[in-house]
Every structure is written in C-alpha cells, then in structure tokens.
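Line order of the protein sequences matches chains A and G.
For the first sequence, counting from 1, position 260 maps to 260 in my numbering; every step adds exactly one.
For the second sequence, counting from 1, position 249 maps to 249 in my numbering; every step adds exactly one.
The set of hints was computed from the structure by calculation and includes no laboratory data.
None of these values were measured; they are calculated from a predicted model.
There may be inaccurate statements among the hints.
Short, incomplete list of chain G residues facing chain A, as computed with Cβ under 8 angstroms [claimed, not checked]:
1. LEU86
2. VAL89
3. VAL124
4. ASN207
One side of the interface only, derived from the structure: several residues of chain A facing chain G at Cβ under 8 angstroms [claimed, not checked]:
5. GLY10
6. TRP11
7. ALA18
8. PRO28
9. LEU105
10. ILE116
11. ALA117
12. TRP164
13. ARG196
14. THR266
15. LEU270
Note that CB positions come from ideal geometry on N, CA and C, so glycine has one too.
Letter by letter, the chains look like this.
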Amino acid sequence: MTRTAQWLYGWLLLLPAAALLALFTHYPAVATFWHSLHATPKGSRPAAWVGLDNYRQLIDDPIFWKALVNNLWFALGTIPASIALALAMAVWVSGRLAGRGFLRLAYFTPTVLPMIAVANIWLFFYTPEYGLLEKATAALGFGTHNWLGSKDTALACLMVVTVWKEAGFFMIFYLAALQTMSPHLAEAAAIEGASRAYFFRRVTFPLLMPTTFFVLVNAVINAFRLVDQVVVMTRGGPDNATSLLLYYIYEIGFRFWDSAYAGALTMVLLALLASVALVQFWFVERKVHYQ
Amino acid sequence: MSSVYAARGVPRALETIAAWLLGVLWILPLAYAVWTAFHPAEFATRFVVGAPFTLDNFARAWAAAPFARYYVNTVLLVTLVLGAQLVLVTLAAYAFARFDFPGRNVLFALVLVQLMVMPDVLIVENYRTMSLLGLKDTIVAMALPYMASAFGIFLLRQTFKTVPRELDEAARVEGCGPVALLWKVYVPLARPVYLAYALVSVSYHWNNFLWPLIITNSVESRPLTVGLQVFSSGDQGIDWSVITAATLITTAPLLIAFLLFQRQFVQSFMRAGIR
C-alpha cells in the first residue's frame with residue numbers, strides 16, 4: 001500500500017468515531033468553559049458576557065464548598081475501603097476456601113445490578129423503625145435513629161452502599177492479576193523460609209501494584225462520576241449533607257436551570273479529573289510496573 | 001494465592017469465617033429484597049418460616065407503571081449503543097493498530113481523554129447540544145454520547161496489535177483488501193474480546209441513570225432505570241413490597257443472565273480490565 005493510501009485509510013476509518021468524540025466529548029468540554037463566562041440565556045436574547053462572575057459566585061457559594069468537601073470525604077471514605085475489601089475478596093476467592101463459587105457470586109453480584117435499583121433496596125434497609133437496620137439495632141437494645149435523615153450519618157450511609165457496590169468490581173481485576181502470577185515465586189519463597197504474611201507483603205502485594213494503581217484511578221473517577229445513589233436516597237439532603245459535586249451540577253443545571261453556573265461547576269469537576277489524569281500519566285511515566 | 005501459601009489450621013478457619021461473613025453481608029440486601037417482593041406486605045420485615053408466598057406485588061407493580069414500554073426502551077437503547085459501538089470501535093481500533101498516518105499519536109491521545117472526561121460529567125453541554133439537534137427525549141439522544149467509546153477503542157487496539165503481521169501479509173498476498181482483511185482476519189481473532197466488551201457495555205447501559213434521567217421526559221423514551229425512579233418516588237408512597245418487586249422486575253434479565261453465564265461474565269470483566 002502506498003503512503004497516501006495508508007493515510008487515507010487511517011483517517012477514513014477513524015472519521016466516524018472521531019466525529020462523535022469531538023461532538024460529545026471535546027466540544028462540550030471546551031463549550032462548558034466558554035458558556036461559563038456568560039450569563040444563562042433568558043428567552044431568545046443571546047447570553048451576555050460576564051467574564052469570571054460565575055466563578056466569583058462559586059467562591060462565595062457555601063453549598064458548592066459543602067459539596068466539594070463532601071465529595072472529598074466521600075472519596076476518602078469509599079476508595080481505600082473498597083480497594084482493601086476487593087483485595088481480601090480476591091485472595092479468598094482465588095484460594096481454596098470452602099464454597100468459593102458461592103462467595104465469588106456473592107461478592108460480584110452487586111456489580112451487575114443498576115445502582116438505582118440497589119439504592120432502592122438500601123433505602124428500605126435504612127428506613128427508620130421499619131427497615132432491617134433498625135430492626136437489628138432495636139434487637140440489640142439501641143434506640144431508634146434516622147440514618148439517612150440525620151446530617152451525621154447520611155453521607156456514611158451512602159459510602160457503605162458505594163463500597164458494597166464497587167468492591168466486587170475491583171475484586172475482578174485483582175483476581176485476574178493473581179491468576180497470572182507464577183506459582184514458582186511462592187515455591188521459591190517457601191524454600192527460603194518466608195512466612196505467609198511476609199510473602200504477601202514483600203512479593204504478592206508489590207507485584208499487584210500496577211493493578212492497585214489501575215483500580216485506584218478507576219475508583220477516583222467513580223467517586224466523582226457516580227451520583228445515582230444520591231438522587232434515589234437523599235437528594236443531597238439533609239441540609240446538603242450528602243450533596244456531591246456532580247449531584248450539585250445536576251441540581252443547578254436541571255432543577256434551577258442555571259446552565260451558566262452549572263458550567264462553572266462542571267469546570268471544577270473537569271479540573272479535578274484532569275489532575276487525576278496528570279497524576280496517572282506521571283506515575284505511568286515513572287513505571288510502577290514490575291513486568 | 002498459590003498452594004504453598006494456602007492458609008492452614010486455625011488461620012484457615014478464621015479466614016473462611018471472615019470470607020463467609022462478608023459473603024453473607026454482600027448478598028443480604030438482595031436476599032432481603034427477594035423476601036419482601038415475594039411475600040405479603042405484613043411480612044416485609046418479619047422473617048418467619050412458612051410466611052405465605054405471593055406474586056401479588058409483582059402484578060401490582062407491573063400494573064402501576066408502563067414497565068413493558070420501559071423494557072422496550074432499554075432494550076432498544078442497549079442494542080443501539082452496542083451496535084454503533086462495535087462498528088465505530090472496530091474501525092477506529094483498526095486504524096490505530098495497523099495504519100500509519102500523520103497525527104496518529106495526537107489523535108490517540110485525544111481519544112484517551114474520554115477515559116477521564118466521560119459523557120456522564122458533561123451533562124449540561126450535551127443537553128444543550130441535544131436541544132439544538134432537536135433530539136431531546138429520544139432514545140438516540142440517550143445513546144449518542146456513548147457511541148464512540150474510548151475504552152472500546154483502546155481495548156480492541158491492544159488486541160489487534162497482537163495479530164501477527166505474517167497473517168496480515170499472507171491474507172494480502174491472497175488478494176485481500178484492507179476492509180476484507182479486517183473482516184476476515186482481525187474481527188474473528190478478536191471474538192473473545194468482543195464478547196467481553198459487549199457484556200461490559202450492556203451492563204453499563206442497562207444500568208445507566210443520570211444522563212437518561214436528564215434527557216428523557218416521557219414514557220415513550222424512558223429506560224427502566226429512570227422508569228423505576230419515577231415509579232418509586234411518585235405517588236406510590238412507601239409500599240416497599242411493591243417497590244422491591246419493581247426493583248426486581250427491572251434487574252431480572254441482567255441478574256438471570258449473570259447467574260446463568262457467571263463464568264463468562266467474570267472472565268469478560270477480567271479480560272476488559274487487563275491492559
């Protein structure tokens with residue numbers, strides 16, 4: 001094939017996907033910024049240029065800060081827990097425990113179910129006085145507590161649901177990595193007299209580093225991308241205690257229809273995601289890989 | 001972990017107990033939902049052996065909302081997304097894996113941007129675009145932002161790159177053009193990856209919620225997830241038996257498929273995760 005033909009084929013094959021990507025990923029990312037510098041258009045009048053006004057509003061908006069801080073706590077609360085559980089699950093399921101077929105099924109099932117559906121189930125679970133959680137705490141002699149209705153516990157309740165939903169998904173990646181690990185490593189270590197804990201700490205865990213990193217990046221993205229459970233379970237309440245950044249964007253953009261301000265908020269979210277990308281790029285460059 | 005380091009004795013017993021405790025905890029919400037959905041309301045939180053079994057909750061949920069229509073919409077959505085994805089992703093991955101053209105690396109980097117900036121977070125602008133295109137409240141609008149999937153392009157490019165060049169050359173000597181080559185050599189060799197990708201994509205879009213919630217506004221276009229939300233937050237009040245029945249209705253096909261093809265599901269998710 002001539003060089004020109006190569007070029008032509010390459011571009012033509014790429015064209016449909018590139019056009020859609022440009023229209024629904026690149027253009028909106030740029031347009032978000034552009035529109036965030038304007039006021040929200042009213043009626044048929046074109047939007048007025050307001051410069052950084054939307055960003056000034058953002059800095060003075062206590063609910064934005066609340067949502068951002070909530071989101072950071074949410075990330076901090078869900079990511080390490082779901083990764084640690086995922087690793088434990090993978091080690092158990094790949095070992096020779098009794099009933100590991102059932103266990104794998106149990107761990108993984110939440111992953112295939114829609115968040116929206118499981119959030120409904122959990123909503124019932126948390127229901128004051130009537131739900132299973134209340135029945136259990138009552139049986140143990142504790143008083144009643146409105147888990148989702150109280151500012152102190154609502155966000156933690158959502159974190160539990162999220163960890164429950166995600167751990168099984170991350171387990172899969174650890175499981176895949178554990179299966180590719182050579183059994184000779186363990187044999188060699190055993191001959192050297194390494195204990196089980198030592199082998200895990202010094203061999204297995206370091207070898208799983210690339211997987212941990214991959215899972216971590218996914219977990220961070222998910223912590224900022226998935227707000228279905230907020231919509232179903234709390235709608236950001238009580239008193240914005242469970243409002244996450246994307247949920248707040250949804251509220252501003254589609255309940256109050258202030259698209260310009262929602263754009264400014266989206267820019268914050270995009271900046272957060274871009275910094276995740278940069279950190280990832282930096283790490284990959286430095287090669288956290290052992291293979 | 002490998003057998004030399006399999007736990008033995010007391011630690012093994014402790015680990016087995018911990019693993020089972022976690023497993024029971026993990027399946028509990030689902031078991032709870034099944035119990036509530038299949039029993040009369042007065043047994044919703046009373047777990048007694050011999051509680052009467054009933055399908056009444058399902059009948060009431062099915063009658064109370066147009067779930068049949070939601071089913072059709074979800075199936076249409078999932079089919080449309082997957083169909084478009086398979087074609088677009090195949091072509092793009094083939095271009096990146098086997099053709100030399102100026103701007104290839106820059107374009108690939110631009111594709112990868114979507115791994116971070118997913119359509120899920122660009123809801124405000126994409127809504128504006130859909131309004132301009134006059135596509136609001138349609139199934140096409142729900143599907144469009146997801147059709148060109150960076151994840152799929154990346155996954156298939158990796159696979160296509162492992163196809164030996166000799167095979168490529170041989171087919172070319174036989175008189176295969178680039179398109180025939182793709183169809184006769186590359187696509188068949190990547191079949192397991194296609195299956196993996198399809199399963200991941202179907203479960204993602206069956207479960208997708210926020211964007212469909214925003215862009216749809218009528219029974220004619222709403223998928224199951226949004227339908228379920230409208231149903232359970234509407235005038236249904238808090239009849240948990242009916243709501244859990246509706247929840248099971250919306251998840252049943254995926255759950256049954258998963259239980260039947262458990263191994264394929266797990267392997268597919270694994271395959272899709274290895275990069």
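Against the structure, the hints:
1. LEU86: With a minimum Cβ separation of about 12 angstroms from chain A (threshold 8 angstroms), the hint on G/LEU86 is violated.
2. VAL89: 7 angstroms, holds
3. VAL124: Hint holds; G/VAL124 Cβ to chain A Cβ min 5 angstroms, cut 8 angstroms.
4. ASN207: G/ASN207 check passes; min Cβ-Cβ to chain A is 4 angstroms, inside 8 angstroms.
5. GLY10: This interface hint holds because 3 angstroms falls under the 8 angstroms limit.
6. TRP11: 6 angstroms, holds
7. ALA18: Interface hint status for A/ALA18: holds (7 angstroms vs cutoff 8 angstroms).
8. PRO28: With a closest approach of 3 angstroms, the A/PRO28 hint holds.
9. LEU105: 6 angstroms, holds
10. ILE116: 5 angstroms, holds
11. ALA117: Holds - the Cβ of A/ALA117 comes within 8 angstroms of chain G, reaching about 5 angstroms at its closest.
12. TRP164: 7 angstroms, holds
13. ARG196: Holds: closest Cβ of chain G sits about 5 angstroms from A/ARG196, inside 8 angstroms.
14. THR266: Result: holds, 6 angstroms to nearest chain G Cβ.
15. LEU270: 6 angstroms, holds
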